[in-house]
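Okay, here's what each chain looks like letter by letter:
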Amino acid sequence: MLLEVNNISVVYSDVIQVLKGVSLSVEKGKIISLLGSNGSGKTSTLKAISGLLKPENGKVTDGEIIFNEKPIHNQSPEVITRMGIIQVLEGRQPFKYLTIEENLRVGTAIRSTKPYKEDLDMVYHYFPALLSRRRARAGYCSGGELQMLVIGRALMAKPELLLLDEPSLGLAPLIVREIFGIIKKINEEQGATIVLVEQNANMALQIAHYGYVMENGKIVMEGKAEELIENPDIKEFYLGMAASGDMRAYRDVKSYRRRKRWL
Amino acid sequence: MDFFIQLVVNGLSVGFIYGISAMGFVMIFKSSSVLNFAHGELLAMGAYIFLVLVTWAELPVYAAFLLTMAACFSLGFIVERLFLRPLIGEPLIFVIMLTVGLAAMFKGLILLIWGGNLHTFPDFLPTWLSLSWGSVSVQPVYTLALVVGTTFLVLFGLFFKFSSQGIYMRSVADNQRAALSLGVNVKKVFALSWAIAALVAGMSGIILGIINGVNVHDLSAIGLKVFPVVILGGLDSIGGAIIGGLIIGLLETLTGGYISPSLRDVVPYIVLVFILMVKPYGLFGQVEIERV
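Heads up: the sequence lines are chains A and B, in that order. Using the working numbering, the letters of the first sequence map in sequence onto residues 1 to 263. Using the working numbering, the letters of the second sequence map in sequence onto residues 1 to 292.
If you are wondering where the hints come from, they were derived from the structure by calculation, not from laboratory data. Possibly wrong hints are sitting among the right ones.
[Claimed, not checked] Below, simulated PhoX-like cross-link-like pairs (lysine-lysine); rule was C-alpha separation at most 20 angstroms, straight line:
1. A:LYS54 with B:LYS188
2. A:LYS54 with B:LYS161
3. B:LYS161 with A:LYS117
4. A:LYS117 with A:LYS158
5. B:LYS188 with B:LYS161
Please construct the entire structure, taking both the sequences and the accompanying hints into account.
This is the structure in structure tokens:
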């Protein structure tokens, strides 16, 4: 296993517990998707892995995270990124005043030698839209371009493990489809291992190999993506379909009728 | 007419000095959003280190200049390491208050070692540096300031625009969280920006020392003078600091020459208020890019 998360608990500011015993494992070369509603702990799980908990005053208080057979929990992000784990933050965080190309160059920060021309070509190959905008300031680019930019920026680091936090956030369905297609392509062609956090369960499960469902800081369900997509509960609560598989009419929704079985 | 031209030349000369004095201040603000109230004291440290090397150690001027630059660079580095690093992640106001403390500390240190008297550098500037056209003339030190200041400006411009480290520094200023997520070494960036700022401050301290003599009270007062300069030019624009300096310098000398010498410290501020009403981010400050 490339990454093993064993039963971790995460606490912010010493009092707010957000994860209560989360375990998951990521096999090399696979896309793992992490589903769940708002506040279920998906982002915190990613931050625990990438080390970005630390600057936000969060801590892994219990359990361990093993990457390439080395424990990495509670390390600083400078150390973890250099081991090959890069997180793409939620909500696209470009460097607004830098041009697209300068943004991409920041991705090479973790490498001691920095010939970046080839990597730039690789990113422009996956995201041709960025090539024509490369001299534009990121602050003036569209949401879709920015999402491509931040994924491309992470690719510049040549990560062994890429953590993507809600790449579909606030994007038009067509753009979401395009970006997910590219993520799949990157996984297949570059062999990049990807952990994908998503609200858009349908899209995520279409490209993922394996999926976990989180609720209230716990993993409540896991399985192969093609099994999850057929699961009646997933259909009901995350894909918006009735148990029979039909699209549900709005007036049929009566939340008290069915309860999530795992709660 | 000659009087007017001479005033303009003087104003631009003085203004350029204000501009390069403000460069170091802008650099710290740009990378960490910290207003450095100890900037004047950093200028003074540079001037005093140069004084020691030139008068007591009797080094040749070039060697003394390079050594001073190295010493200031290290000083900035150490200050960041000892005092500012523990405060990374704390609210900005704490860091700004800390720089007020640093100012007092440096001032006390200088007074302790060198006392409050006026010292002067030996006269080492060659006379060919002085320029004159007809009755208008420029003193050698201002020519020196123009050459040295422009060199620094161009070097730093290139550094921030093209070098990897320069781009990382700008990325930290832009979005610290995203920079962290990509593994940019934020601590190194802060240390480097303080070191560079102290180096530039040291350079301008030497030039100010040549003009006015070396006195800790005068030099630290210049540290406050950079505020109107950078606010006018835009807090995060190095080029803006120079232009802001030139405008303030011009306004000062023109007011002093045509209206009244006692008004020269007042009129620039009145103009500043009007400019800020039209351009609240300063003339060249980055306008916040907002996405809705």
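Are there hints from earlier that the structure breaks, and if so, what are their numbers?
2
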